[in-house]
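Let chain D serve as the given structure and place chain F on it in line with the hints.
As a plain string of letters, each chain reads:
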Amino acid sequence: MGADIPLVDYLVLGDDPHLEANECVACGARFFDRRNACASCGAINSDGSGFKRVELPATGELTAFTIVSFAAPGIDVPFVAGVVDCGGTSVRANIVNVSPDPEHVATGMQVSFTTFGIGEDSEGTEAIGFGYEPVDEELRITEDATEKAEANS
Amino acid sequence: MSDVAEASSSAGATSQTGAASDQMWIVGIHMTKFGKRPDDDVVDLASEAALGALADAGMTVKDVGVLAAGNLMYAAHGVGQMLQKQIGQTGIPVYNVVNACATGATALRTAIMSVRSGEADVGLAVGVEKIAGAGLLSGGSRASDSPTWEASGRFGAVAPIDGRIGTEIMPGVFAQIGMEYGHRYGGADFELFARISEKNHGNSVLNPLAAYSKAMSLEQIMGDVMIAYPNTRPMCSANCDGAAAAVVVNGATLKKLTTEQQRRAVKISASVLTTDPWEEACQILPNVNTLTKNAAATAYEAAGVGPQDLDLVELHDCFATAELVHYDNLGLCSEGGAVDFFESGAPFRDGSMPVNVSGGLESKGHPIAATGIANIWEVATHMRGEAGDRQIEGAKVGLAHVIGLGSACGIHILERAA
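These protein sequence lines map, in sequence, to chains D and F. According to this note's numbering, the first sequence is numbered sequentially starting from 1. According to this note's numbering, the second sequence is numbered sequentially starting from 1.
Note that these hints are calculated values from the structure, not bench results. Hints are supplied without guarantee of correctness; some may be wrong.
[To be verified] Residues from chain D shown here face chain F by an in silico Cβ test under 8 Å; the list is partial:
#1 Val8
#2 Asp9
#3 Val12
#4 Leu13
#5 Asp33
#6 Ile44
#7 Ser90
#8 Ala93
#9 Val96
#10 Asn97
#11 Thr107
#12 Gly108
#13 Phe116
#14 Ile118
#15 Asp121
#16 Ala127
[Claimed, not checked] Here are the simulated distance ranges between beta carbons:
#17 D:Arg34 x F:Arg233: 35 to 41 Å
#18 D:Ser49 x F:Ala297: 33 to 39 Å
#19 F:Glu191 x D:Asp136: 23 to 29 Å
#20 D:Val12 x F:Gly336: 56 to 62 Å
The C-beta atom is built at its ideal place from N, Cα and C for all residues, glycine as well.
So here's chain F without its partners, still in its complex pose:
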């Protein structure tokens, strides 16, 4: 008992920093093929990811001391325990977590915190979602008007307000977020946002695990079905099925592993989670900027690196309009300089700061709870030099970012083992 208390106390002192004496490591990680997986249910997908990550780590389920399971759509069903009933009921603690689109990152961070606190030596984090063909995830249906107007809810509304007082659909919410950035700093128009999408679809060609590995021309993107101006369909993240999982250990456990396991280990230099602090307008249009800026600042400080040290970034391009604002929020450019940053070619895969070389959520797909571990897998795979045709040569430091509306922001900074 006293050991646990001591470990918790020392972990608390370092808070969200990864620079504690007991460094955290990823020793196994796996991402399933994203896309339509009609023959696989949530447990099949979670099992594939979890067993893949354990095999990659050279471990079995019996080595795992804590499981964090992220899932949005079946959150009430305890996906962690459903997974255990297939791959191993070992009696370990399970944390089922939900945090919108930051669910996967939250699951990973939960496993990290548990191991760092001394609760376990080996943690397994899984994110899984099955939403192929789901359509609009928010604002996709609206209750019909009741026969008599009666005020209800926190706004005293007499009828559903989606479409009557703004929009609740995500493509529309994030469209406004991009347009607001353009209003503040200028230079962002429909074509610029479409070119961001063109970049990511182009990147996806090199990613065999992406839901859509097809390049698209600017004309195709701009001429496709308009969902919410300026976001056309290919500028929206793809709803799909998929899972990803990671095995994390502390430094003491890593030392007991084989030389090969240690060589492939990826250092977790920062693991950060933030929510949005209150600001004017944040309950009118979600503010995805401040909490990302706060998370980035904390992560860079914890890792002892700056944006200039990053070799690649996987950021949350749930819509093309979102990618632009996060160049700025993550400090990849100067304040207000996101358009110039894109125009400079920096975020292209041959640029100085490759962003979303996986193809991003627009083409790789966005199985909500899997996304926040899949982006870690992408960065970790580059750190290991195992990314095949899309390898960013010599990558040593990378950042993975997710945003869940509501809001939650998860940022992890990874570094290659020395």
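Only chain D is shown next, with the shape it has when bound in the complex:
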């Protein structure tokens, strides 16, 4: 059993998994990718000091979503893809632990951060992905509920 590894480098694992954005020191614009400079103000990041890592809040509001029913082979469908406004910083993510239909997903819904394993590689290292799940427990499908449903079927 190897160690865990995050799916992307802006996902920070440990006791309190969370996302971190790269924030421009000069103007406050936030990004998730490796930065050469700031696309908002143009500040150059030649030595890495132009940006600082900032932690995002664990809850947010779903501002846009789609339910993807048709995707590349290897991607399980349907799934919910969306944009979550986390305290003014938008995050692209899947909405998980929810029934993927328009009766159970709506813009404006409150969601919270969660992580899950996406598989082990040949050396036993587990990759950890992230998503957001409904805060409303009535909308949230928990592992227990899934297991119960499977047991009853």
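Relative to the frame of chain D, chain F by itself:
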């Protein structure tokens, strides 16, 4: 040399405005039949469009001083030169351009800029694409996971992220863009988006060049295969083959043409290209709104017209969810009023502001690089009063809009010759 410098300098002063003393004109334009064209390759399609536009202009390839060729899928092959090798190698400069779904508009604007700068008197712009049956153009395949997780790329991803962190498929991206508008302003639901699609499919019946000229009921549209909620298959633009081309000239050249050529000339009142300025979230979900609003504002100012002066609009309905937001972005309605605008009947072909009377990309088809000239052809044909059964009577001013994700927005405003 000094002449060129002088011309460039005066063109630069007017920037993207078309109101310079030397007005630009379309004197020839052609669109091929869109759809499945299995017997024609990219060069056949480009030749058909280019020769059609030249014939329409009453010119030959020998009159052309600059060629701008737009194509996405064969971009590395130099489609402009491939075209020249079939229709005429005259030694003129060729610009091969790529700008996502705004490629055609970019080719046209390149030809316009070249002629306006004094590099040539006559410019030819061609957009061509061959993608019938291509399926998902983005996110259509995903690399398999590697045997060991190793971080790579700008996100340090250890595995492909499409489907794991949101979606890369265009129907899903534009679905979110429409849903975000609904979240902000309300009133936009699955049925409303489907009704926009119903309008455009209804319009296509009158367009013999459309890939699909078939009306569809709301039930058919909503009950069809769901691709990415709320976009079902008929609410997505149709991948198809096709080409379009336009011949542009400056005012001095127009004056030398025949009365008939001058009568059919269509004035280019504005030619504008923008990209998206940085805003929060724009690298999370593409923001197709701000760059369209910016392009529209610049275009209206350049043309000296407002949205209320438009007789028809061809806008980039790559998905039904996109059409809604562009009513707002192009200023066809008040801010946040796109749903009410649609409900009022305004964008229907018998409404006050007909939108996509061609059938739009959902039925006419969307051969990527051809689209940004095909929509110009549609508007120009109405300006000339030659649109047959689907003619918007008395049309004098029209607007053509395209968006390429990434993003680029092209807007042209055309006016009937006085």
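Structure-based check of each hint:
1. Because the beta carbon of D:Val8 sits about 4 Å from the nearest beta carbon in chain F, less than 8 Å, this interface hint is met.
2. At a threshold of 8 Å, the smallest CB-CB gap from D:Asp9 to chain F is about 3 Å, leaving the interface hint in force.
3. Violation of the interface hint for D:Val12 is found here, the shortest Cβ-Cβ separation to chain F being roughly 12 Å, above the 8 Å cut-off.
4. Look at D:Leu13: its Cβ only gets to about 12 Å from chain F, farther than 8 Å, so that hint breaks.
5. Evaluation of the D:Asp33 hint against chain F yields a held restraint, the C-beta minimum of about 4 Å falling below 8 Å.
6. Given hint, D:Ile44 at the interface with chain F, is violated; its Cβ is 15 Å from that chain's nearest Cβ, farther than 8 Å.
7. Taking 8 Å as the C-beta cut-off, the interface hint given for D:Ser90 holds, the closest approach to chain F being about 4 Å.
8. Interface restraint check: D:Ala93 against chain F, minimum CB-CB distance 6 Å, threshold 8 Å, status holds.
9. Interface hint status for D:Val96: violated, as the beta-carbon distance to the closest one in chain F is roughly 10 Å, over 8 Å.
10. A hinted interface residue such as D:Asn97 counts as satisfied when its beta carbon comes closer than 8 Å to some beta carbon of chain F; here the least separation is about 15 Å, so the hint is violated.
11. Proximity of D:Thr107 to chain F holds as hinted, the smallest CB-CB distance being about 4 Å (cut-off 8 Å).
12. A distance limit of 8 Å between C-beta atoms decides the matter here; for D:Gly108 the minimum to chain F is near 6 Å, and the interface restraint holds.
13. Interface hint status for D:Phe116: violated, as the beta-carbon distance to the closest one in chain F is roughly 10 Å, over 8 Å.
14. Nearest Cβ of chain F to the Cβ of D:Ile118: about 7 Å, under the 8 Å cut. The hint holds.
15. With its C-beta approaching chain F no nearer than about 5 Å, D:Asp121 sits inside the 8 Å limit, and its interface hint holds.
16. Interface restraint check for D:Ala127: the shortest CB-CB distance to chain F comes to about 5 Å, inside 8 Å, so the restraint holds.
17. The hinted window of 35 to 41 Å between D:Arg34 and F:Arg233 holds, with their beta carbons roughly 37 Å apart.
18. Our hint of 33 to 39 Å for D:Ser49 and F:Ala297 holds, since their Cβ atoms are close to 38 Å apart.
19. In this structure the hint that F:Glu191 and D:Asp136 lie 23 to 29 Å apart at CB holds, the actual value being about 25 Å.
20. For D:Val12 and F:Gly336, the Cβ-Cβ distance of about 38 Å falls outside the hinted range of 56 to 62 Å, so the restraint is violated.
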